[in-house]
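Asks: Turn these sequences into a full structure, and let the hints guide you.
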Amino acid sequence: MKVNVTVNGVAYEREVEARTLLAYFLREECGLTGTHVGCDTSSCGCCVVVLDSDKAVKSCSMFAAQADGHQVLTVEGLANGGTLHPLQQAFWDQHGLQCGYCTPGMLLTSIILLKHNPNPSESDIREGLAGNLCRCTGYQNIVKAVQQAAGTLGVQV
Amino acid sequence: MNLQYSGEERIPVSPDVVWAFVTDPDKVGHCMPEVIDVTVQDPTHVEAVVQVAVGPVRGKFKLKVELQPDPARRRIDLKISGGGFGSAVDMTAGADVVDAGDGTTILKWSGQAVARGPVAAVGGRVLDAQAQKLITQAFGNVRQQLSLAT
Amino acid sequence: MIPAAFTYLRAHTSDEAFAHLQQYGAEARVLAGGQSLIPAMRFRLARPAVLVDINASSDLNVLRVNGNALAVGAIARDSDIERAPWITDRRWSLIRDVSRVVADPVVRQMGTVVGSLCHNDPAGDWTAASLAARAEVTVRGKDGARDVKIDDFLVDSFTTAVGEGEMALGVHFPVADDRTAGAYQKVERKVGDFATAAAAVQLSLNADGTIREAGVALSAAGPCAVRVDEAEQMLRGQRPSAELIRAAGDAASRRSAPQADLRGSVEYKKNLAGVLVVRALRQALSRLGVQA
Amino acid sequence: MSTEPKSAGCLGVAMKRKEDPRFIQGKGHYVDDISMPGMLFLSLVRSPYPHAEIKSIDISEAMQVPGVKAVITGKDLEAAGLGWLPTFHGLDKQMVLAIGKVLFQYQEVAAVFAETRAAAVDGAEAVQVDYAPLPVVADPFTAKTDEVILRPDRENKTNHIYHWEVGDKDKTATALANSPKRIKERIWFQRCHPAPLEPCGCVAHFDSMGRLQFYVTSQAPHVYRTALAIVTGIPEDKIHVVSPDLGGGFGNKVPVYPGYVCAIVGALKIGRPVKWIETRTENLTSTGFARDYHMDVEIGATADGRLTALHVATTADHGAFDAAADPTKYPAGMFGVVTGSYDFPVAHAEVDAYFTNKAPGGIAYRCSFRVTEASYAIERAMDILADELAIDPVELRRKNFVRKEQFPYPSVLGFTYDSGDYQKTLDVTLEKIGYQALLKEQVEKRARGELMGIGFSTFTEVVGAGPSKHFDILGIKMFDSAEIRIHPTGSGIVRTGTKSQGQGHETTWAQIVGEELGLDPQNIMVEEGDTDTAPYGLGTYASRSTPVAGAAIAMAARRVREKARKVAAHMLEVGEADVEWKDYKFQVKGVPAKSVTMKEVAFAAYTNMAQNEPGLEASYYYDPPNMTFPSGAYVAVVDIDRETGEVKVRRFLAVDDCGTIINPLVVEGQIHGGLTEGFAIAFMQEIQYDKEGNNLNTNFTDYLIPTSLETPAWETGKTVTPSPHHPIGAKGVGESPNVGSPAAFVNAVIDALSPLGVRHIDMPITRDKVWRAIRQAEVLTT
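Chains as they are written, first to last, in the working numbering: chain A, 1 to 157; chain B, 158 to 307; chain C, 308 to 599; chain D, 600 to 1381.
Derived from the structure by calculation, the hints contain no laboratory data.
This one's a predicted model, so the numbers in the text were calculated from it and none came from an experiment.
It cannot be assumed that every hint is accurate.
The list that follows gives simulated cross-link-like pairs (lysine-lysine, DSS-like), each with its CA atoms no further than 30 angstroms apart [said to hold, decoys possible]:
| hint | chain 1 | residue 1 | chain 2 | residue 2 |
| --- | --- | --- | --- | --- |
| 1 | D | K1290 | B | K217 |
| 2 | B | K184 | D | K654 |
| 3 | D | K1317 | D | K1039 |
| 4 | D | K1181 | D | K1193 |
| 5 | A | K144 | D | K626 |
| 6 | B | K217 | D | K654 |
| 7 | D | K743 | D | K654 |
| 8 | A | K2 | D | K626 |
| 9 | D | K615 | A | K144 |
| 10 | B | K217 | C | K577 |
| 11 | B | K219 | D | K668 |
Replies: And the structure:
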């Protein structure tokens, strides 16, 4: 079937099997390999992308066909030109990543988290990231990174 | 995933008729719930393809059934091994044909099922309730088909 | 990891969706949030021949109070409830609690309440909450839509009153008076795990402080979510007290019939059911300004 | 961690990581990101039975599935001489695809190659395998009876793989018999799994020159190249192994897996590139698991708590094949470190390993070759002894620590601990956690019937494998290497034989070079993982990278400096002997004003080198004289909910001593990650097999990875006791948190429950186990 998805502002139209998962559509049809796959039970969240700039979704638990006619934001679309998104800068500053495999999903989940809660407390952030697993960092520096991006680092909110 | 089951069916026909029924591979094959296809290999081996449908879980299971009749004790043991969904289910079921004395029969049965692979791992929570229903339904079919025969 | 092949149909209205379901019957499955269905398809445990995607059926995207009920359409997301402005009103405190512990914060942005009810997992959260809140599900069949009490809707594990070719359009939670509050207490090994045990309660008080109406239900305590009638009867008409609450908890423990699994033994889960009902009742009462 | 940047030096600087820009923009390059024209996908058919004969494999239906190109089975591989794979331990071999019978659930049975990922899975589902179930041996104690022999292919027909021991058996037995006080406990370190977020996988491709281009998730690419050359017969020069960015490893990406060999055989046989990426279920059920050590620990002591003797007898479950990737001479890895931080006069440790119907492996998950099991055993047993003697566990440890002046300390089980100051590290921990205030709070809480626990773990690790006289894998000595080349403008490149999976080598290696040569680390490129360019090394695991390759980098840099000194002498117009390296530049002795920087010397090395050989580069293959012995003092504070059995970790402090720290940010990140793994192991994780040999934890719904909500906030601290034999005094640290923390968590839980008379609970400590222990205690007391 024909699927047309706008990813990071670019329209991609491909002929794919209906069973093509959105994660593999982005990785193999659009060549955007920043979206990763880490599990088979919708648990790990390293496949999270943003749908229609208002929802963080696990792209391994959604068919590309469902995204036909919609907008998707992936990690490759975060920086504009040379300047990093504040969240990208914060993850770098706070050592919020080690192997980098969960980072794209963490960044995009945080985009929506901050959109709906501009200055979250530490527990708001820990609760908001609980759908994204990380095996390297133990989450502490990721939480600090989100606080830095939200401008609440070190502030007792 | 190791599941035990037991139960009783009261059948309004004589023990001899029941015994003839439960030792006939074709008849036993057709008692499998949601059976789609039955092929008898020999007097003690029959293959049945059953449709499994519980909530989102839908698909086919190919069951190989081996009949082990013990005429002296009027007891029939069934060894069932099934494959499907990349998984395997091994079941043993035994039934005693008991003469109720008034021309009718009591079929006392017990069964054990061991499930392996994705069906057990992921479907495990579905499986236990479903396996219980399947085995109960199978022996219910025996009663039903025999009741129709009279 | 990769589902079996199927035909994808996008329904732009619920009528269109219903027509597809009538045509394909048992071979078709509704795709709303897909957060339980798609993983089952990836393990090839579920292999529908046809998927009817209702995410574009905007007439099902309903989340509003109309008249005496909160209408939740088939594609209203868990996160829509979590973020709704009116959710902080204490009469919706049970619904609010559940919307914050269902699955995980990302899955909640696609997962739907109605989808969860239709999936009817023994350890589902919305099923137990719907029992406590005495919700009704609107099911559309050949001869039109009918409202099914949640008690009749939940039939068995993964089995509901939605027949072949039929579809659930929405669920309605009765709008309670302002002397109503609830609570949802859930124990899970980690965020995203199925409940080890969970208790949903909703209480409405009379002016004199006695309990006018009580809803008490358990998740992960049987083939599907279960109402604890004995506890409800015990509570109705009474003045809240520590002994009453403990008795209701004991009734819940007696009623709980869980399965042993990696999350815990039967003995542990049965006891936990009682503990959580007590905690949920205390929390609901404290939300009503009553200490017991 | 305070990070006082040095004036010009690069050691100890909390430098932001140089590799992050690509990861935060989705530009990382992982194996599954690779695709080639005509690339096929490989999917493996796996056995649902744990132990069964293979009567027949019918691939006819699979070959009809649209897109399927080929299906190969064990028999095909056997015919091509590739049926079996030598295991890294070298004393056993492992089936690539099952031959004759399957020995563990989810074992590989057939390989299906197809045009698309989906077609490969469709094909795998269509392969019909006829199994005849055999009796299942699901634990090592059943295996010990030898009633069912699992491996008839081996020479001696027994499930017993090996007996290993170290220390003085008789003297220990006598000392134990004569000890006034004695405790004995069976402590089980359950089977768990490292589960890196990126599953294992590879792309295999024979290029137009017939060379195997092999992209693979490997923590030891050079060892893979040599092993594959031995196994496949392809000449080693015709094998190019590239390990790109790895999404975590934790030891899971050390073994060579059947999927890799099938991909190579498929690429060779079909003449097209083949990609194999395992699913999470395949990762958890068939790749290198960790631990599964049943340890019977016995300690003797005097009444006032002086340790007299230690005996540990372990029954180890190695699964269907002995694929535990230990160094050859150490079948039980570094388990001899089980005496820990304590000065035992006599000890004896023994391990007996057995085959079972479970997946093969055993060495993984930040274990430093079984140090996790040894450290957990001693640190748990010390608390049981303290309880027996009614002594504060802190006092019992303090009284028996190896003292600062005893280093280098010859342990009774054969190690020579290089350095340590256990007393000081513990003092920092006690002071930072406020131990006395916690004890007071505990007394008040216990009076109110509340369950509060404080648990310690003062561990010592042994990492940095290792001296060539003792350490080899497949015969290859466990040195490591570095090549440094400085370019004319003063930037440079360093290549090493290691392979980071997130440990920040691209930053820390550059910092070592920057420190040694006074150059800017931002302009020192680091390259690892490509066997065509990187010098031969044994890879990254067991916290060996900094101790061995870090040393190689420093030594290589010093060779560069010696070469540079000659050019500097020419530039400064003095004899070589009159030039000294001081404050990161070359100075004329006694005339500090007359100096040249390394940047200037580098340019001269290409433009004005006089009679010296042009260019500025050097390499070094470092054979460590000894292992390094990092240590730490950890403490956990927990509160238990009596009604639900939930354990809430209120605080956790880790004070680590890993000698000289290169980058405090990176070290702290390793500690956070390792503590989170220790927390998961202590409370949540197990790969459990039931009596029928079914794996019950086959995906992330049942094998639990903690989220940001359950994971406690971590407090860290440090003391610095440099390693005397390491060029920059650094020790390994990556595994310390996973080694040290489980015992602290469990000790805290048992401390909380001790008023109820609970002495031990095996991990994972679930709510059900805690609730049951409380109920049983209540039954006894009422």
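Asks: Determine for every hint whether it applies to the structure shown.
Replies: Going through the hints against the structure:
1. D:K1290 to B:K217: With Cα atoms ~27 angstroms apart, D:K1290 and B:K217 stay inside 30 angstroms; holds.
2. B:K184 to D:K654: Distance of about 28 angstroms is within 30 angstroms: holds.
3. D:K1317 to D:K1039: Roughly 26 angstroms between the alpha carbons, so the hint for D:K1317 and D:K1039 holds.
4. D:K1181 to D:K1193: holds, 12 angstroms
5. A:K144 to D:K626: Since the Cα atoms of A:K144 and D:K626 sit roughly 23 angstroms apart, the hinted pair holds (cutoff 30 angstroms).
6. B:K217 to D:K654: With Cα atoms ~22 angstroms apart, B:K217 and D:K654 stay inside 30 angstroms; holds.
7. D:K743 to D:K654: holds, 28 angstroms
8. A:K2 to D:K626: Measuring from Cα to Cα gives roughly 28 angstroms; hence the hint holds.
9. D:K615 to A:K144: Holds, at about 15 angstroms.
10. B:K217 to C:K577: Violated - the C-alpha atoms of C:K577 and B:K217 are around 36 angstroms apart, more than 30 angstroms.
11. B:K219 to D:K668: Holds: B:K219 and D:K668 sit about 26 angstroms apart, inside 30 angstroms.
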